[in-house]
Amino acid sequence: MTSSPPPDDSAEPWLDTDTETALAEALRAAFAPAELLPARHAQILAAALEDPFAAPTQEEVRESERLRHALESDDDAHAGAALARALAAAARPAPLSEPRARRVAERAVRSRTNVVFVAFGAAALAAAAAFALFLARPTLEAQGDRPALARSRSTAELFHERFEPGQATARIDRIVSLRERELRDNQYALWGVR
Amino acid sequence: MRRGACALLLALALGGCRKAASDPCADAEGGAPVGPALLAFLSRSRAAHHRADAFEERNDLKGTEVELDAVIHGPKPACPSAAEVREVLADTHARLGDLQSRHGDFAAALANVEQGLALVPEQGYFRGHLFEIRGLVEERQSKALAGRGDIAGAVSAEERALAAFQEAMRIQSEVIEKAAPGR
Numbered sequence: 076m077t078s079s080p081p082p083d084d085s086a087e088p089w090l091d092t093d094t095e096t097a098l099a100e101a102l103r104a105a106f107a108p109a110e111l112l113p114a115r116h117a118q119i120l121a122a123a124l125e126d127p128f129a130a131p132t133q134e135e136v137r138e139s140e141r142l143r144h145a146l147e148s149d150d151d152a153h154a155g156a157a158l159a160r161a162l163a164a165a166a167r168p169a170p171l172s173e174p175r176a177r178r179v180a181e182r183a184v185r186s187r188t189n190v191v192f193v194a195f196g197a198a199a200l201a202a203a204a205a206f207a208l209f210l211a212r213p214t215l216e217a218q219g220d221r222p223a224l225a226r227s228r229s230t231a232e233l234f235h236e237r238f239e240p241g242q243a244t245a246r247i248d249r250i251v252s253l254r255e256r257e258l259r260d261n262q263y264a265l266w267g268v269r
Numbered sequence: 277m278r279r280g281a282c283a284l285l286l287a288l289a290l291g292g293c294r295k296a297a298s299d300p301c302a303d304a305e306g307g308a309p310v311g312p313a314l315l316a317f318l319s320r321s322r323a324a325h326h327r328a329d330a331f332e333e334r335n336d337l338k339g340t341e342v343e344l345d346a347v348i349h350g351p352k353p354a355c356p357s358a359a360e361v362r363e364v365l366a367d368t369h370a371r372l373g374d375l376q377s378r379h380g381d382f383a384a385a386l387a388n389v390e391q392g393l394a395l396v397p398e399q400g401y402f403r404g405h406l407f408e409i410r411g412l413v414e415e416r417q418s419k420a421l422a423g424r425g426d427i428a429g430a431v432s433a434e435e436r437a438l439a440a441f442q443e444a445m446r447i448q449s450e451v452i453e454k455a456a457p458g459r
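One line per chain: the protein sequences are A and B, in this order. Position one of the first sequence corresponds to residue 76 (my numbering), numbered consecutively onward. Position one of the second sequence corresponds to residue 277 (my numbering), numbered consecutively onward.
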């Protein structure tokens, strides 16, 4: 992702106190997020995804392609790309140039009730950035130690004897029994409790 | 959009955990992780086979067929080409073929065997078992034809039965060799 030039803050409106407080809270959360409990993380994932293992729909494939293009082309018209840049700015803010720092300070002195500069241009975007960082944190931490999940594969390993006609039910009993255990293990692994 | 903005956000934050272009069902190191949809299919199939057992014990051919057809024509998970899905479907076709041939419906039985074979092209237990069932179907057909005085038809069916049994033996020999090489 390429970094965008700093925004021209001279035309930015000042925030009211409530919005400013909410924005400051969101920025703090994005910059130094608190620990998210694995169980809470799993709840959020379960609420957001109908089936985490489902194949992507055509619409999702198209949308991911649009997002990729927007990220590569510096296009902020795409809400997802703008959010990604906001996230990067919140987590690793670029240093403030001296002239810009001076302008910000002058404006803050002129209006003492407004001390937080609108870095993202929209409080909602910052809040969304903070939310995304909260969600991402456990996964990013786990990247170096991603749990191994049991995967779909042939069931031939379960059968070391000749197939007898009339034993189809016994065979599927054995298949389901093993895969049930594997599903349970997968879920615990994803929850980080294995 | 099915999952809405939240899913987009997650996809972004998790660094694109899903590759749109890849097929998780066809991963060489194994398919998609074992998930609820696969288990739901397996569980539903298991229940259907148990119901089919109950009908079969009552000699209710129609009831048994309905239960097994429910496996074949019922809902499939997002990865219908997952190995377990194909193997369970193939085994269900084999059971249907065996059942139908025992009741004299040889055409339907052979059609089920063919559909099962198309699902499991790999040289494995399930494919070998389907050839074994094909042999049984042809053997029963041969006896039925002989009983009706169609000797030429009976001989022809008997030859097809022998060929199918031979293929079943060949495949299962390979499977045994692979499982315990050098023995």
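One should not assume that every hint holds.
Covered stretches of chain B (chain A as the covering partner; in silico rule of three or more C-beta atoms under 8 Å from a C-beta of chain A) [as the list claims (entries may be wrong)]:
#1 314-320
#2 326-333
#3 397-410
Not the full set, but computed from the structure, chain B residues with beta-carbon under 8 Å of chain A [to be verified]:
#4 Gly306
#5 Pro309
#6 Leu337
#7 Asp345
#8 Gly350
#9 Val364
#10 Phe382
#11 Ala384
#12 Ala422
#13 Gly425
#14 Ala455
Distance windows between CB atoms, simulated [to be verified]:
#15 Lys352/B to Leu233/A: 18 to 24 Å
#16 Gly423/B to Arg237/A: 38 to 44 Å
#17 Ala428/B to Glu255/A: 28 to 34 Å
#18 Glu453/B to Ser252/A: 25 to 31 Å
#19 Lys352/B to Arg249/A: 41 to 47 Å
No wet-lab data here; the hints were simulated from the structure. Using N, Cα and C, we set each Cβ at its ideal position, and we do this for glycine too.
Practice prompt. Check each numbered hint against the structure and report the violated ones by number, ascending.
Written response: Hints 6, 7, 8, 10, 11, 12, 13, 16, 17 and 19 contradicted; others consistent.
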